[in-house]
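Asks: Mind assembling these two chains? They're in different frames, but the hints should get you there.
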Amino acid sequence: MADIAQLKKTATQIRRDILRQVHSCASGHPGGSLGCADFFTALYFDVMDHNPAFNMKGTNEDVFFLSNGHISPVFYSTLARSGYFPVAELATFRKLNSRLQGHPATHEGLPGIRVASGSLGQGISVAIGVALAKKMNGDPKTVFVLTGDGELQEGQIWEAAMFAPHNKVDNLIVTVDYNGRQIDGDTKDVLSLGDLEGKWKTFGWEVLHIEDGNDMEEIVNVLHKAKSMTGNGKPIAILMKTEMGYPIDFMVGTHKWHGAAPNDEQLARALAQLEETLEDY
Amino acid sequence: MLQDYISSGKKATRDGFGEGLYELGLENKDVVALCADLVASLKMQKFIDHDPSRFIQTGIAEANMMGIAAGLAIGGKIPYTGTFANFSTGRVYDQIRQSIAYSHKNVKICASHAGLTLGEDGATHQILEDMGMMKMLPGMTVINPCDFNQTKAATKAIAEYYGPVYLRFGRPNWPNIMSDTKFEIGKAVIMNEGTDVTIIATGHLVWNALEAARSLEAQGISVYLINIHTIKPLDNEAILDAVSKTKCVVTCEEHNMFGGLGDAVANVLSRNFPAPQEYVAVKDSFGESGEPTELLAKYGLGIGDIEAAAKKVMARK
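Taken in order, these protein sequences are the chains called A and B.
The letter at position 253 of the first sequence is residue 253 when you use the numbering used here, and the numbering goes up by one with no holes.
The letter at position 247 of the second sequence is residue 247 when you use the numbering used here, and the numbering goes up by one with no holes.
Bound-form chain B, shown alone (with noise of 0.2 Å):
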């Protein structure tokens, strides 16, 4: 039910991975972190203090810090890296392809600073193209949580899967509205059934969806909501489910429209239940400098932007 999701206030979803990284690193000694050079941003300095003995400071050194990453998993640890999205995808896709992916080393690369939200930085920070990539990668997982407790479990959840695991997250306070003990990777979470239109969002936009659907309910349009962390595996009956209620959906995500989570529902829909689809995602640009709610306005994420999206979906059943 909408009514059961209420913020407990803001956090950031960075914040919530360096927690679950410190609770974890107490309960499983073969977990290690490794970082390029940005404790303080991937919230990391809580795990070095209990166990510097577990943690490796690579330096500005991507590519070497995903090659050790596969190294340590080799000898059983289970590495945690972490650097900014941009730096843990594009700039080590060939090391992360044939060291990690292709050699299936249990590596979990974490990832801060994702989409927009980053915010002031700019463009060259604000990578919108990492889910298609790492997705695109066979074997890979991909979650993108939407806050800080949903990040926390995941953070925890990974650690008991064996594989290489994409965890997406970002920089901004955001609203905290999820349970910070249950996660399942690839387990959709329904936040509400729905029977005019179903509405799949993922990572910091489950809350802007949160608040359109209010919205949408308050003008009498029954909203079918699932807060979809995992990427891939995509809870695939989640969606075939929702959508065979509905007979539409519309698509939230805080990455390029080309190869994220719209086109893995698309591409779901389009083999098993065809249905009319919109995206709400930033349509094949670069970002620019500004403050993250701004960014998402103007690159057309915001709540409203949802909303319409909906009406539109629906106008087109």
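Chain A with its partners taken away, still in its complex shape (with noise of 0.2 Å):
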């Protein structure tokens, strides 16, 4: 059984890291990384099988895809905190010679990151890639990939959307950061998604609602749920709602901070909101 109340502490110092992050630099993507953090806690602290002495190929453990490369700072705090390497490195997120550059990449051998991911719309086939040659190997683990909402509007989404049911790529969980809101506003005025639980299921998949994507123990119990549901023929969508920038009071609500670091002031605003759990790098 998940040790709930530890996955929460472990996501509010991944919040304390993400808002640290982009404050040092004074950039990146602080809304998208708030809403995500207990997704990503859930995920490599509880439901991945996965080893942190990294190895690219992934071989029998459980991989995961971040499409959406700008949320990086979750993705790096996540992997420090996880052991992928030491924790102290997330003070070089985006300054010159770091391995944590703006969007994840593997040019400079960051541990945990299998592809470079930022130009939206590329990582569910990425992820359909590696599912395809796990199956070849005969490696029963699983592929997770998460995707933006906002993203959903690149066409190649939809050419891996349409690809994976009809080949049965059975071992890979797509999860939606559904916040409804993008860099010009909120989806459903730049260009809505529509009936976005019709349009995965019309396509072949199976699909599953995470209804409040900051509530661990859903998030827990639901890809807890998707993992078993692996192998049986279909790919799997989670729609996942979450509010860009939770729980910061002055974050949430708005899409001004997918992409805005905050000032010093604000800073301490934020920071006053999160306990510090685990100790600050």
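Note that these hints are calculated values from the structure, not bench results.
Just so you know, not all the hints are guaranteed correct.
Computed list of lysine-lysine pairs in DSSO-like fashion (alpha-carbon distance at most 30 Å, straight line) [stated by the list, open to error]:
1. A:K141 <-> A:K168
2. A:K225 <-> A:K241
3. A:K135 <-> B:K46
4. B:K135 <-> A:K135
5. A:K234 <-> B:K29
6. A:K57 <-> B:K11
7. B:K283 <-> A:K135
8. A:K135 <-> A:K168
Anything over 10 Å on all C-beta distances counts as not near chain A; from chain B, calculated [as the list claims (entries may be wrong)]:
9. V32
10. H50
11. K77
12. H104
13. S244
14. N267
15. L269
16. F286
With beta-carbon atoms standing in for the labels, derived distance ranges [to be verified]:
17. B:T293 <-> A:M162: 23 to 31 Å
18. A:G231 <-> B:K29: 45 to 53 Å
19. A:V190 <-> B:T293: 31 to 39 Å
20. A:L96 <-> B:N267: 23 to 31 Å
Keep in mind it's a predicted model, so treat the numbers as computed, not measured.
Here a beta-carbon is modelled for each residue, glycine too, at the ideal position from N, C-alpha and C.
Replies: Right, dumping it as structure tokens:
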């Protein structure tokens, strides 16, 4: 059984890490990162069977791909807190000669990253390739991928969405960060996603929901349920409703913090809302 | 020596790819193939018939194909993607750039129907910019073999090299002149050593350059002829060695004059051994429908064009 209280503590520390990373370089994407901190914590500290002694192939372990690479701060903090690389390295985020590039990359050899992402729409395709390789290799583990909801406006997403059910890629779990916001505003205004559940179902996916993507217990339960449904001939999509900027009072309810860093005063206000549960880096 | 290169008959470079892929599939179980609804055009059926479990049909979805290929490479496979050159490059440039090149994935991007010799389908499909796009990607190897045998050998050789490769070939039946066993990435083939003019050719134009060289030799002009199948990394040493002897060069390619072989050679020469150069290449235009040899003639890529360029560049020494 997952220790929900401990997972929540870890997620809180990851949120502190996110804010301190983007504040330190005065750039980056805190909004989506904060919204997905619970999801990342659940994946890496409970759901995935993974090995922080990183190897690129990911043989016989669950692997994760971040398609919406701009939420790199939450990815980096999660990897560091999981033991992939020293937590102190988070201080180099977005700075010269760092392995922690603005968007995730393999080029500098950061453990835990298997492909670059940032240009949107590509992660599900890559995850499908890894899932197919696992099947060819007789590897029973699962491939996870997270995409943004605004990202679903990219055409390649739907090429991948059509491919996976046709080819019974059933060792694949796609989670959509369904926060309803993107850079230029709310997705319903920029380019409506319409009936998202209907779209995935019509393409042939098994669809699950996380109604509150900032409720650790629900995330853990649904992710475990999804994992138990692999191997049944269908890929799985999870529509996870999150709140961009959660739980910082002045960051929620707006798309403004998608790609803006807090200043000194804002950082102090935000950190005051997040207990230092593990040690700050 | 020029007389060593005799055509054993006409065969398509894409057939060389299909044969090479099939033989590679027998030898190397990590090799997998992907295709975006062009199996017959890419000659991939023989590979598929041998082992359908290592073939992935993506449908007409090239962006997804490139991403899947990157993922297969992460999983330890050696993926060969197959579609037309146009859809292997321009259509999916960003996918190749991020998921394959920047991420240094061991994907072999195999591109048929490149250049004007695609023929009747016309300019929508006749990509003349692909080598330029691909050679600008850091870490990308770019190969444009000249005939069936060289394409077959290249197809097998690139599996032995770890890293992304763009392998460009074409549609028409074309004289088959090279060895089908020897292929070294980045190593130019010296077809003839001469003293008056260097001709460096790639792809289908190697045959035209060979015919032009024969004609020039008959006129008493000594030609240093290089078959440069690898555009990147370029065999700088072979180029400088030849041009230091002849003091002038003609480059020949079925590609736009901007960004292709000619510019790559000019780059090396300007920094090391400045020398007069003439380009036999498409003069910054799109193509059109027609028969392959008609098109090569109309766009200035014929045997006579190479001869004329050789005489012109010699006069500039």
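Asks: Any hints this thing doesn't respect? Which numbers, in order?
Replies: When the structure is compared with the hints, numbers 4, 6, 7, 9, 11, 12, 17, 18 and 19 turn out to be violated.
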